[in-house]
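Trainee: Spelled out from the first residue to the last, the chains are:
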Amino acid sequence: MKRTEAFDFYQPATLQEASQLLKDNGPGGRFLAGGTDLVIAMKEKGLLPKYIVDLKRVPGLSGIRENSDGSIAIGALTTLYTIETSALIKKKYPFLAQSAAEVGSIQIRNRATIGGNISNASPSADTSPALVALGVTATIASASGERKIPVEEFFKGPGQSVMNADEILTEITIPKTAANLVGEYIKFSPREMMDLAYVGVAAVYNLAADKKCTGVRIVLGAVAPTPIRAKRAEAVLEGQILSEALAEKAGQTAAEEAKPISDVRSSADYRRAMVGTMTKRALLNAATGPAKSWYDRRDRRY
Amino acid sequence: MNKKIDFTLNGKAVSRDVPTHRLLLDLLRDEIGATGTKEGCGTGDCGACTVMMNGKPVNSCLILSGELAGADIVTIEGLKIGAELHAVQKAFVQDGGAQCGYCTPGMLMMSKALLDSNNNPSEEEIRYALSGNLCRCTGYAKIVQAVQDAAAMLRSKNP
Ligand SMILES: Cc1cc2nc3c(=O)[nH]c(=O)nc-3n(C[C@H](O)[C@H](O)[C@H](O)COP(=O)(O)OP(=O)(O)OC[C@H]3O[C@@H](n4cnc5c(N)ncnc54)[C@H](O)[C@@H]3O)c2cc1C
Ligand code: FES
Ligand code: FES
Numbered sequence: 016m017k018r019t020e021a022f023d024f025y026q027p028a029t030l031q032e033a034s035q036l037l038k039d040n041g042p043g044g045r046f047l048a049g050g051t052d053l054v055i056a057m058k059e060k061g062l063l064p065k066y067i068v069d070l071k072r073v074p075g076l077s078g079i080r081e082n083s084d085g086s087i088a089i090g091a092l093t094t095l096y097t098i099e100t101s102a103l104i105k106k107k108y109p110f111l112a113q114s115a116a117e118v119g120s121i122q123i124r125n126r127a128t129i130g131g132n133i134s135n136a137s138p139s140a141d142t143s144p145a146l147v148a149l150g151v152t153a154t155i156a157s158a159s160g161e162r163k164i165p166v167e168e169f170f171k172g173p174g175q176s177v178m179n180a181d182e183i184l185t186e187i188t189i190p191k192t193a194a195n196l197v198g199e200y201i202k203f204s205p206r207e208m209m210d211l212a213y214v215g216v217a218a219v220y221n222l223a224a225d226k227k228c229t230g231v232r233i234v235l236g237a238v239a240p241t242p243i244r245a246k247r248a249e250a251v252l253e254g255q256i257l258s259e260a261l262a263e264k265a266g267q268t269a270a271e272e273a274k275p276i277s278d279v280r281s282s283a284d285y286r287r288a289m290v291g292t293m294t295k296r297a298l299l300n301a302a303t304g305p306a307k308s309w310y311d312r313r314d315r316r317y
Numbered sequence: 168m169n170k171k172i173d174f175t176l177n178g179k180a181v182s183r184d185v186p187t188h189r190l191l192l193d194l195l196r197d198e199i200g201a202t203g204t205k206e207g208c209g210t211g212d213c214g215a216c217t218v219m220m221n222g223k224p225v226n227s228c229l230i231l232s233g234e235l236a237g238a239d240i241v242t243i244e245g246l247k248i249g250a251e252l253h254a255v256q257k258a259f260v261q262d263g264g265a266q267c268g269y270c271t272p273g274m275l276m277m278s279k280a281l282l283d284s285n286n287n288p289s290e291e292e293i294r295y296a297l298s299g300n301l302c303r304c305t306g307y308a309k310i311v312q313a314v315q316d317a318a319a320m321l322r323s324k325n326p
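Residue numbers (this note's numbering), protein chains in the order written: chain A, 16 to 317; chain B, 168 to 326.
Honestly, the hints are just simulated from the structure, not real lab data.
You may find that some hints are simply not true.
[Claimed, not checked] Cross-link-like lysine-lysine pairs, in silico, DSBU-like; alpha carbons within 30 Å at most:
1. B/Lys223 to A/Lys307
2. A/Lys105 to B/Lys223
3. A/Lys65 to B/Lys170
4. A/Lys163 to A/Lys106
On a predicted model such as this, the values are computed, not experimentally measured, just so you know.
The shape of chain B in the complex, shown without the other chains:
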């Protein structure tokens, strides 16, 4: 069954005829061509597919397109503010928070979600927030460091 769906993607209105059973992840990657969002497991375990839906981080591999009417979706492609990278992106680059990079879009979306509500998280709070994001490369230490540094950048911008 197809359905005409209006939603917002990275601040732009989208109006499309979509199969209601299409996963949001596949809609983004295969139909819209926004391939920044990754599929790791497809079962909600790894967080590589994390996007923001109505301001909240969710796993796009478990969301049916039929539900999207009126939704506000932000993906990794929408994280940059104008020409400038978001603080979490800058900090991941600076600290070596990415190696192969496969988990990185999800890590960045989840880190941004954390910093949206807490601009001075402890290591424990960072590890808690990122517990649904798997990384097989970094060992997480540099990711935690990057989130702390991103938080410091955000604090110095909006003290």
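Just chain A, same shape as in the assembly:
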């Protein structure tokens, strides 16, 4: 296995300093969070950063906080294992905890951060569909200030986002949601563990006592250059009473909206067919409540 090559290494203690380092040192610098994408890029994809700016010594970038307005803020440097095991996230958004748990292994998730998963902008990133479905806002900071942008508008293509080189993703905010919000994330991959999604589907909606669905959001991962909302599929279910037939129809519509490619993992046709099936199951599973265990989570995909 190829080794990483020499670079300058900084560990700034403030955001200002971190952003300024990228400004002052010019192109070729990279921020480092957990390194589970960055070090792989150096070892396997020939990335040769001139310098690395480690964000882990900047205080205040990690942790999960419930705000007084009912929104939840998650620091960009919060590890996926922390999210997977957070009592608050598991209670309010079990499908988000589940999407974090789908990434790699426990060893990976002890390092991998939510900010890194988003910033890396991989089309198959497991947390992105759930974050887009929840209408999450990203806070991006640099030495010259701060801006907020919906995660839905964050991605521009594989590995590409709206962030400039000197900008740092500091926090994501889940807006207050209805008490009857339900959701599901299904990662479809041939291996149960340690594999990337062929297809990822997050489905979220408010479920009334009579099973009427409102605020429907269906977001697809790994079947387009960025995570995409299947808006026509959402419209199929919006305001309707959930049924198997309707979930099937929404699934078929989502399959039409997907823009998959063929690659080593899967053909485009297979991906498209699986979008239909997994969207249907995600919609139905959401209504039955969170999976009880890992085996349950696995079995109810099929």
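We have chain A; now place chain B with the ligands onto it with these hints.
Mentor: Positioned in the frame of chain A, the structure of chain B with the ligands alone reads:
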């Protein structure tokens, strides 16, 4: 770029001048001579390089030495308690949890990490915890058995 780094390795203070891009795995094996930790894939997939960093299992093949200042690292060399093997080591020996042994240091570190937080794991919990550790020899059944037996040893010691 080199940097003077102070960290703890298996309970002992280490102070070294290290290249910041050196992987923790290589620092351990090639510079410090602690060769118990293995490299399988080098890409985070196999778990052979698992060590504990600040109490949490991580893949040492993906960690840059530049980050180590102040870190508390425990490797397979630090698992033994005094002269006595750790319960997971005893159970792997007893149950045949190792064949060629290449995955074993990582398996043991991850099993210890699991048992640190759960001294009565189900088979499902064991398989979940070890899903980032590949073994091409055992077929995993004896590894799962060994972790269950180690858990029982720990429970009988600290009921
Ligand atoms: C074995 C293995 C299995 C994996 N499996 C999966 C999987 O199943 N699903 C999945 O989605 N991913 C998977 N990944 C990819 C990876 O673990 C995740 O994308 C992870 O969340 C990346 O986070 P990180 O903190 O390690 O990012 P890093 O590697 O530190 O950074 C990634 C990129 O984002 C930039 N960056 C990081 N944080 C910030 C920030 N706060 N502001 C600005 N830029 C930033 C970095 O400069 C870098 O370009 C896997 C990786 C490995 C090695
Ligand atoms: S060598 Fe580190 S995970 Fe395989
Ligand atoms: S014992 Fe040979 S790889 Fe596990």
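Trainee: Could you run down the list of hints and mark each one as holding or not?
Mentor: Quick rundown of the hints versus the structure:
1. About 25 Å separates the Cα atoms of B/Lys223 and A/Lys307, which keeps this hinted pair within 30 Å; it holds.
2. For the suggested pair A/Lys105 and B/Lys223, the alpha carbons sit about 21 Å apart, so the restraint of at most 30 Å is met.
3. Restraint check for A/Lys65 and B/Lys170: satisfied, since their Cα atoms lie roughly 16 Å apart, inside the 30 Å limit.
4. A hinted pair counts as satisfied when its Cα atoms are at most 30 Å apart, and A/Lys163 with A/Lys106 qualifies at roughly 26 Å.
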